[in-house]
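**Student:** Protein chains in written order, with my numbering: chain A, 19 to 275; chain B, 549 to 765.
One or more hints might be untrue.
List time: in silico DSS-like cross-link candidates among lysine-lysine, alpha-carbon distance up to 30 angstroms [to be verified]:
no., chain 1, residue 1, chain 2, residue 2
1, B, K552, A, K238
2, A, K45, A, K205
3, A, K112, B, K581
4, B, K552, A, K197
Please keep in mind that the hints were generated in silico from the structure rather than gathered at the bench.
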Amino acid sequence: MTDHGPSKDSGAETTDFGFQRVKPEEKASLVRGVFDSVAARYDLMNDLMSAGVHRLWKRFTIELSAVRPGQTVLDIAGGTGDLAERFSRLVGPKGQVILADINASMLEVGRDRLIDRGALSNVDVVQCDAQYLPFPDNSIDCITIAFGLRNVTDKALAMRSMLRVLRPGGRLLVLEFSKPTNELLGKAYDAYSFKLLPFMGRVVANDAESYRYLAESIRKHPDQETLLGMMEDSGFVDCQYHNMTGGIVAVHRGIKA
Amino acid sequence: MNDKHDPALLSGAFAGLEAAVNRALMLAPASAKDLAAMSGTMIAIECTAPLIEAFITIESGGTLHLASYSEDNPATRVRGSLNNFIELAAADDPAATLINSDLEILGNSAPLIALQQIVSRMDVDWEAPLVDVLGDVGGHQAAQLLRGAFSWGGQAANSLRRQLSEFILEEGRLSPPAAELEHFYGEVQALGLRVERLQSRLKRLSKRITEATQVQK
Numbered sequence: 019m020t021d022h023g024p025s026k027d028s029g030a031e032t033t034d035f036g037f038q039r040v041k042p043e044e045k046a047s048l049v050r051g052v053f054d055s056v057a058a059r060y061d062l063m064n065d066l067m068s069a070g071v072h073r074l075w076k077r078f079t080i081e082l083s084a085v086r087p088g089q090t091v092l093d094i095a096g097g098t099g100d101l102a103e104r105f106s107r108l109v110g111p112k113g114q115v116i117l118a119d120i121n122a123s124m125l126e127v128g129r130d131r132l133i134d135r136g137a138l139s140n141v142d143v144v145q146c147d148a149q150y151l152p153f154p155d156n157s158i159d160c161i162t163i164a165f166g167l168r169n170v171t172d173k174a175l176a177m178r179s180m181l182r183v184l185r186p187g188g189r190l191l192v193l194e195f196s197k198p199t200n201e202l203l204g205k206a207y208d209a210y211s212f213k214l215l216p217f218m219g220r221v222v223a224n225d226a227e228s229y230r231y232l233a234e235s236i237r238k239h240p241d242q243e244t245l246l247g248m249m250e251d252s253g254f255v256d257c258q259y260h261n262m263t264g265g266i267v268a269v270h271r272g273i274k275a
Numbered sequence: 549m550n551d552k553h554d555p556a557l558l559s560g561a562f563a564g565l566e567a568a569v570n571r572a573l574m575l576a577p578a579s580a581k582d583l584a585a586m587s588g589t590m591i592a593i594e595c596t597a598p599l600i601e602a603f604i605t606i607e608s609g610g611t612l613h614l615a616s617y618s619e620d621n622p623a624t625r626v627r628g629s630l631n632n633f634i635e636l637a638a639a640d641d642p643a644a645t646l647i648n649s650d651l652e653i654l655g656n657s658a659p660l661i662a663l664q665q666i667v668s669r670m671d672v673d674w675e676a677p678l679v680d681v682l683g684d685v686g687g688h689q690a691a692q693l694l695r696g697a698f699s700w701g702g703q704a705a706n707s708l709r710r711q712l713s714e715f716i717l718e719e720g721r722l723s724p725p726a727a728e729l730e731h732f733y734g735e736v737q738a739l740g741l742r743v744e745r746l747q748s749r750l751k752r753l754s755k756r757i758t759e760a761t762q763v764q765k
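Bound-form chain A, shown alone (with noise of 0.2 angstroms):
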């Protein structure tokens, strides 16, 4: 059975790291040198991982978002910035994107990005925890956390940060992993993880064992129905979710009461 937080394991208490038990307190500085290994070319990994289509599963994310001009969007664990490069033009000059990441490294590849694409005026760039969000309550009107979820420690204490700083009637998407709906599908899903994805980690970005991280931390992440009880759980309201490519991937949204 999958943990989703910090559990008592033999009396210590763990957390889940890929498929390793690991101290609540160390999950964040492996999942940090997880992505300063992957950072620079995190990208043209995606693109070759998902060949392409993690553009489309973050379009209809937007989409869900039905951000309007004005308004003020959080993208937690945004590491390269793609998503917060189209909600800067989406919020126009008067509203706000806040890119925030815990890792440094991918924050300074997203920063980068969006002031070669001009997209800087009305970005905020924040190093910060998704646990620990450092807004004020009720400030935010749209949160969307993509492929971040499944890296954070305590999910469950990083959704009620997400729900405080959301304004009433905000919203909440989390584009994330998920499980196929298929068996076939997730027998194919499964050799493709655990073969192929290492084995493009080594020849493209020279590392195999974060990309391995990459398939074990999908599998431990919590299926559909799991993580729509734990938005449930923590406040959300009106909760909801749809299944992309054969649910290899959903995006979960919870609305603020």
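Assemble chain B onto chain A, guided by the hints.
**Tutor:** Chain B alone, transformed into the frame defined by chain A:
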């Protein structure tokens, strides 16, 4: 409505279509300018067969944005089958097509007619991208060749349509001409009215006879 389809597949299809349309609009600046005047307008297309919903938003630069999901209220919502939409897109008289076809319209029909007219007037300058790739001389020659081919194709299609129509109406007498058909429909309608009047007179007469019989008794 789009729940029956994978959102990623729909997003991909819409992204491809959007890119192609916007690329064509870049090469048709007059149409882009006309569209820019309608910026902010959203039209929802609800296709019943196949079951797909699309939201077309006109953006400030005269480009189109296609989405499979929107929470905004569209100015116009059009519902119909794919065939109905193809018929509308190809129509010379969109207003007449909208009235006569099976398309169902909710909201304001003016933006839809305006959009259809802009699309039908769209004059894409294919020479620009060809010049970019082949150079000034080669690009111009290729564009001339393509223009000639399209022009010949258009003329040939028109000529074929005219000759086919002539054969069906005049040579083979397989179908009556439109004017003759309309005259026939008019006569049928007039006959219908005359029959109704006669029926009404007969009813009146029958009533008077019944009344007269009752008085005699």
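**Student:** If a hint holds in the structure, say so; if it does not, say that too.
**Tutor:** Now the hints, each set against the structure:
no. : hint            : result
1   : B:K552 x A:K238 : holds (28 angstroms)
2   : A:K45 x A:K205  : holds (28 angstroms)
3   : A:K112 x B:K581 : holds (25 angstroms)
4   : B:K552 x A:K197 : holds (18 angstroms)
Violated hints for the displayed structure: none, as all numbered hints are satisfied.
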